[in-house]
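> Protein chains in written order, with this note's numbering: chain A, 6 to 372; chain B, 6 to 372.
Hints are computed from structural coordinates only; laboratory data are not their basis. Every residue, glycine too, gets a C-beta built ideally from N, C-alpha and C. Treat the hints with care, since some could be wrong.
[To be verified] Take a look, some chain B residues computed to stay more than 10 Å from chain A by CB distance:
{"id": "1", "residue": "L37"}
{"id": "2", "residue": "N61"}
{"id": "3", "residue": "E120"}
{"id": "4", "residue": "D139"}
{"id": "5", "residue": "K274"}
{"id": "6", "residue": "E277"}
[Said to hold, decoys possible] If you only want the chain B side, here are some residues facing chain A, beta carbon under 7 Å, derived:
{"id": "7", "residue": "L36"}
{"id": "8", "residue": "I44"}
{"id": "9", "residue": "L47"}
{"id": "10", "residue": "R87"}
{"id": "11", "residue": "H132"}
{"id": "12", "residue": "A212"}
{"id": "13", "residue": "V252"}
[Said to hold, decoys possible] Pairs of lysine-lysine, PhoX-like flavour, derived with a Cα cap of 25 Å:
{"id": "14", "chain 1": "A", "residue 1": "K244", "chain 2": "B", "residue 2": "K337"}
{"id": "15", "chain 1": "A", "residue 1": "K360", "chain 2": "A", "residue 2": "K274"}
{"id": "16", "chain 1": "B", "residue 1": "K372", "chain 2": "B", "residue 2": "K326"}
{"id": "17", "chain 1": "A", "residue 1": "K337", "chain 2": "B", "residue 2": "K244"}
{"id": "18", "chain 1": "B", "residue 1": "K337", "chain 2": "B", "residue 2": "K360"}
{"id": "19", "chain 1": "B", "residue 1": "K360", "chain 2": "B", "residue 2": "K370"}
2 protein chains.
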Amino acid sequence: MLNRMQDRVYNFSPGPAVLPLKVLQEAQRDLLSLPGVGISPLEISHRSPWFDGVLNETEANLRRLLSIPDNYRIVFMQGGSRLQFSLVAMNLLRGAGRSADYLVTGTWGQMAMQEAAREGTARAAWHGKPHNFDRLPADRELDLDPKAAYVHITSNETIQGVQFAREPEVGGVPLVCDASSDFLCRPLPMEHYGLIYACAQKNAGPAGVTVVIIRDDLLESIDDGLPTMLDYRAYVKEKSLLNTPPVFAVYLVMLVTRWLLDDVGGLAKMHEINRRKSQMLYEVIDQSQGFYRGHAQPESRSLMNVTFRLPDDATQDQFVKQAKARGLVELKGHRSVGGIRASVYNAMPMEGAEKLRDFMREFAKIK
Amino acid sequence: MLNRMQDRVYNFSPGPAVLPLKVLQEAQRDLLSLPGVGISPLEISHRSPWFDGVLNETEANLRRLLSIPDNYRIVFMQGGSRLQFSLVAMNLLRGAGRSADYLVTGTWGQMAMQEAAREGTARAAWHGKPHNFDRLPADRELDLDPKAAYVHITSNETIQGVQFAREPEVGGVPLVCDASSDFLCRPLPMEHYGLIYACAQKNAGPAGVTVVIIRDDLLESIDDGLPTMLDYRAYVKEKSLLNTPPVFAVYLVMLVTRWLLDDVGGLAKMHEINRRKSQMLYEVIDQSQGFYRGHAQPESRSLMNVTFRLPDDATQDQFVKQAKARGLVELKGHRSVGGIRASVYNAMPMEGAEKLRDFMREFAKIK
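Chain A on its own, in the form it takes in the complex:
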């Protein structure tokens, strides 16, 4: 009666992306009726003791995974990262009498700066467009304003496949990070950050919920005129229950964070696995004598999105088609840049990366 897990393909989509099988199985088991409750997680009240437990465990799991200190709040919002582009600026820039610095390292960072510019002055402290967003800046290249309201980075650019290996040095200015596509892929030194936001649909859960982690002191200077639903303080005050949150999506984030703790064994282990998965693909690129041309310069390569081109469009189409025939799907690059993109997020099994590696070797006729 149920569709079988054997039917599943390897899904290299950049997001919404693959989820751990165990998480899907648990959600499936309880979909008609939560044990001892008799209500589906798709139907249950956000004011129920069950959901109270979900919120508490999800927060606790995130605190354990990322060692989040007590002076940071965690809230669950809707609207995706793109709404955060505006909210960050509304909450931290509007009325601040200062500008904000943006490190523009790809398409998403560029869009974040554009949206911020509707709320105040947003400066590019570094811009990767002249070299097609193929690398990240060294600290010495940054043109930072020490009086900026914040510095915004995109820790991983999903489209270009470039990722910060470590946080840039920004002095005492609060660092704001769009971590949407590499959240929970590795441990983070939280004390470097003022605010981190991440839509869930890459490493943390399904589409429809966004995690925001914010340091207490940043809540203090928020303008009072904001609509309630766009004011971080309201979510903190009401513990994400300002209105009905996306209950089912938060529940999935709980299951994913539980899987990271109990099955993977934490983010250091996850990081090691992610390094192995991406490295095996980059190795094929490097061994292909130019057949596969990686987009990102080696020191800026993403652990999450491996982007490359083939000799021509016809060969690329063949690649996508033959891969699909083997159950390796969603390998086409973003429509804005083309090429191939293999997203190997946390939940992509090692076997999926291995099968793709083997196919890439075979397709390029690497001995």
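Use these hints to put chain B onto chain A, whose structure you have.
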């Protein structure tokens, strides 16, 4: 291995609320792998042909169910109705040089007006607070401004249990309706409306998606300075794919609208069923010789939320406790008003309403 449907209770929650069993069963069946796709609906790309089909069918189903004319757009958003309180005013009031009229018939209408007041001038064209929101206004009681940017109503007030039986007469001013808690409960004369918004978690799906239906001409005068994610035009232009929508929640709305068409047989039939379910509860109230005291005056009674009080708090607690022992749950009124609230949305089976009716008769010792 799966939890059984026999474990399910009758869930009278005001929202998130009960979903049709058939919808849950279909979602459960495909949760690991969509047939012919091999990916979970929790993982699949919003740019996939499968989701394209979901968006198209959901829109087509809504158009059929509500006979929505061609000059209305349908979009799927996030943030719930509470975000719409602000968006309506940002999009239709900001910069309009006019004020907006609000018919304040309960808690939600009041909150909608408060949020609008942050964006422009919001007037109460009628306010039910003096009589505790126990009835709706007659057209002759309305103090309408013929030059208003729009008139806002809350078609059903979930907390107080009052519902408009028909649209108020507002002349040529666009009627904006928060239909969150009675959307799809009955047919609507769409041509009376300029804009309808409804969060899904009552009659249309799970929490996490909001349906907005907007007449073309209202899109023309929107201010250009809005953040992209808060501008209705951007959702219309990108057909709800401005950024990643809540894929799974939209999919559930598709299944619910399909159930309404194929299993229920349309909204006229749904309306008839809803009338029977609520009427059997109101009859017990009216026959109880004052043991149950309904909150709403009879002509303003809601088909969705049946609100009443018992002689005292201790008896109310007994009522809730004994009902729960019979599998009739979530009957406590909203924390702001107390009492009992039985929500009998579309997906509450007739047997659930009958069981509650029988229990109410027994508890009140009605022969």
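> Determine for every hint whether it applies to the structure shown.
Evaluation of the provided hints:
no., hint, verdict
1, L37, "violated, 5 Å"
2, N61, "holds, 18 Å"
3, E120, "violated, 6 Å"
4, D139, "holds, 24 Å"
5, K274, "holds, 22 Å"
6, E277, "holds, 24 Å"
7, L36, "holds, 4 Å"
8, I44, "holds, 5 Å"
9, L47, "holds, 4 Å"
10, R87, "holds, 4 Å"
11, H132, "violated, 21 Å"
12, A212, "holds, 5 Å"
13, V252, "holds, 5 Å"
14, K244(A) to K337(B), "holds, 22 Å"
15, K360(A) to K274(A), "holds, 22 Å"
16, K372(B) to K326(B), "holds, 22 Å"
17, K337(A) to K244(B), "holds, 22 Å"
18, K337(B) to K360(B), "holds, 17 Å"
19, K360(B) to K370(B), "holds, 15 Å"
In summary, the structure is inconsistent with hints 1, 3, 11 from the numbered list given earlier, while agreeing with the others.
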